[in-house]
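As given, the protein sequences belong to chains L, U and R, one line each in that order. When we follow the working numbering, the leftmost residue of the first sequence carries the number 1, and every step to the right adds one. When we follow the working numbering, the leftmost residue of the second sequence carries the number 1001, and every step to the right adds one. When we follow the working numbering, the leftmost residue of the third sequence carries the number 2001, and every step to the right adds one.
Heads up, a few of these hints could be off.
Below, simulated SDA-like cross-link-like pairs (lysine to any residue); rule was C-alpha separation at most 20 angstroms, straight line [claimed, not checked]:
1. LYS81/L with LEU2134/R
2. LYS1038/U with VAL1025/U
3. LYS2015/R with VAL1025/U
A short, non-exhaustive set of chain U residues, derived as facing chain L with CB atoms under 10 angstroms [as the list claims (entries may be wrong)]:
4. ASP1042
5. ASP1077
6. LYS1144
Now the in silico label distances, taken between C-beta atoms and shown as ranges [unchecked claim]:
7. LEU2053/R with ASP1266/U: 50 to 58 angstroms
8. GLU2012/R with LYS1038/U: 39 to 47 angstroms
9. ARG2081/R with GLY82/L: 14 to 22 angstroms
10. ILE2146/R with PHE1146/U: 23 to 31 angstroms
11. LEU2053/R with LYS1038/U: 55 to 63 angstroms
12. LEU2134/R with ASN1256/U: 52 to 60 angstroms
13. LEU2053/R with GLY82/L: 26 to 34 angstroms
Bear in mind the hints are in silico, worked out from the structure with no lab data behind them. Glycine is no exception: its CB is placed at the ideal position from the N, C-alpha and C atoms.
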Amino acid sequence: MDFLKAFIIGGLICVVGQILIDKTKLTPARILVTFVVLGVFLQLIRVYQPLVDFAGAGATVPLTGFGYNLCKGVEKAVSEKGFLGIFTGGFTASAAGISAALVFGFLVSIIFRSKPKK
Amino acid sequence: MRIGRQTVKLDNPPVIIETSSIVGVKEGEGPLRSAFDKVLTDDTLGEKSWEKSESMLQKQTMLLALEKATLAQGDIDYILAGDLLNQCVGAHYSVRDFDIPFLGLYGACSTMTESMSIGSMLVGGGFANHVMCLTSSHFCSSEKQFRNPLEYGGQRTPSAQWTVTGAGCAILASKGSGPRITHVTTGKVIDKGVTDISNMGAAMAPAAIDTLLAHFNDTGIKPDEYDMIVTGDLGVIGSDILVELMMEEGFDIRENHRDCGKMIYDIEKQDVHAGGSGCGCCGSVFCGYIYRELKRHNLKKILVMATGALMNPMVVEQGESIPAVAHAVTIEN
Amino acid sequence: MKHEMTNQEYNEYIKKKTPNSKIFTNCIKAFIAGGIICVIGQCITALMKKWGLNQEDAGTYTSIILVFLGALLTGLDIYPRIAKFAGAGTVVPITGFANSVVSPALEAKTEGMVLGTGAKIFTIAGPVILYGILASWLAGIVYWIISLF
């Protein structure tokens, strides 16, 4: 059941992205920015947490989930460290994802070559 | 002799004595395969970067043309070359090893006819005996410069065009046998406010229409005198616009209009959306297929008009639209 | 031109001439591909929890593993092929973020380790991180103000 929920919610979030790409001519980079910021906002107004509880990875794997994580992280940091948390929360929460992307990105770029397309 | 506002009629029409064309792997899988001199088996050409690959492609094409024409470098008075890359690195790095006076051109995808226009005036005016016209484009270097990284996972829109990996070289001479360039119509830069960088055909069509109208008005030639009116890389959408709007202007080119961008690929099977584009599109199709047909006398009189979208991604990001230009040359057997 | 069109008229005319993306089929493809990636994520999370990790750590590991897979498939030139089919289905999940980090780095390799790979690795992902952090900073201010009362 969890898997079905993840499939449907995750799929639907991607459909929103597809509609934005096809209808608005937004470039994918702009879509990514929109999704992350949207995730932060939705969590701030407490809409995203119920979605995560319901769909699990279906809500956390799309980039809105990245925004959700940022927001949750900053909330936790502020509650623990007060004002300082505003500055530490975001990066702390996203540290794993960003580090992984940079490290693996670097390694892949060392190992592989860009190839011609057909 | 100058006739009309934009056209030169060449009293001593230069001869296209030889051409050469080399294309990439994908282009070699298209319907024109047999018309090209050489089809690459490796689009890198053994080079370490895409820019170097494109440069090598131009160099090989140029050397092939010399070989086919049995001319030496010393016989060539000018080489006119260009490509799509910043500072025309494709051309500059390919000609640096040659002992030939060089003029670099940037006309985006219109470079093939731009070089033939200037070349035929140099030869026709008596300033040169042999002029080489050379252009190239490479899918990978163009994507890198104009769009997204090659490995980036994005979808192309239906109006997007596929940059041709290919190069063409034509040698113009004051004497000899072969098809001759009789008229040159130089286009103006036309900008109809199109901002979509994945709809080049629509951005270039108004320039094509403008030059074509100027050509017909200046020369008095009727569209049906041409066996073929061939445009560079308007693609499916741009060609459609050109033919339809020319009808409204009172010129019917439905029968004899062809577009290199539509000819070089099997549009459906090769999944190239609106067709091919790039300097190498008109370059390789003209120097390959069309020149062969002229030589075989299957074509008597044609108009070749390459169109270029003079697009700079940075300036488009600043909110500007895409200017375009088209240059036409009449070639008669 | 005799029938001179204004820029606006021309742009409206080409809108009619330009085929639209097949939005319905694109959406179905995006739904399926995006859904599958999320299910893979769900599987990884479930596995991690089975191995005794708590929900939060399992989620973090899921991100790391998906980023790894996205990066690897990009290097192998498989990700762009899936993306051609999947569209937003491969852009929106975190694997798409990995793709957007790896692809420019891979291509800029020819310009060296620092100004090539190093500088270009952020060309697409940089804005995502900037605006993500900026948004979280603003959210942090909201949380902090709330905490004062």
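Evaluated hints:
1. LYS81/L with LEU2134/R: holds, 19 angstroms
2. LYS1038/U with VAL1025/U: Roughly 10 angstroms separates the two Cα atoms, so the pair holds.
3. LYS2015/R with VAL1025/U: violated, 33 angstroms
4. ASP1042: Constraint on ASP1042/U satisfied, holds at 8 angstroms.
5. ASP1077: violated, 36 angstroms
6. LYS1144: holds, 8 angstroms
7. LEU2053/R with ASP1266/U: 50 to 58 angstroms: Holds, since LEU2053/R and ASP1266/U (Cβ atoms, about 52 angstroms apart) stay within the stated range.
8. GLU2012/R with LYS1038/U: 39 to 47 angstroms: For GLU2012/R and LYS1038/U the Cβ distance comes to about 45 angstroms; the hint holds.
9. ARG2081/R with GLY82/L: 14 to 22 angstroms: Given a distance of about 49 angstroms, which is not inside 14 to 22 angstroms, the answer is violated.
10. ILE2146/R with PHE1146/U: 23 to 31 angstroms: violated, 47 angstroms
11. LEU2053/R with LYS1038/U: 55 to 63 angstroms: holds, 58 angstroms
12. LEU2134/R with ASN1256/U: 52 to 60 angstroms: Once the Cβ atoms are compared, 57 angstroms apart, the range 52 to 60 angstroms for ASN1256/U and LEU2134/R holds.
13. LEU2053/R with GLY82/L: 26 to 34 angstroms: holds, 30 angstroms
In this structure, the earlier hints numbered 3, 5, 9 and 10 are contradicted, and the remaining ones agree with it.
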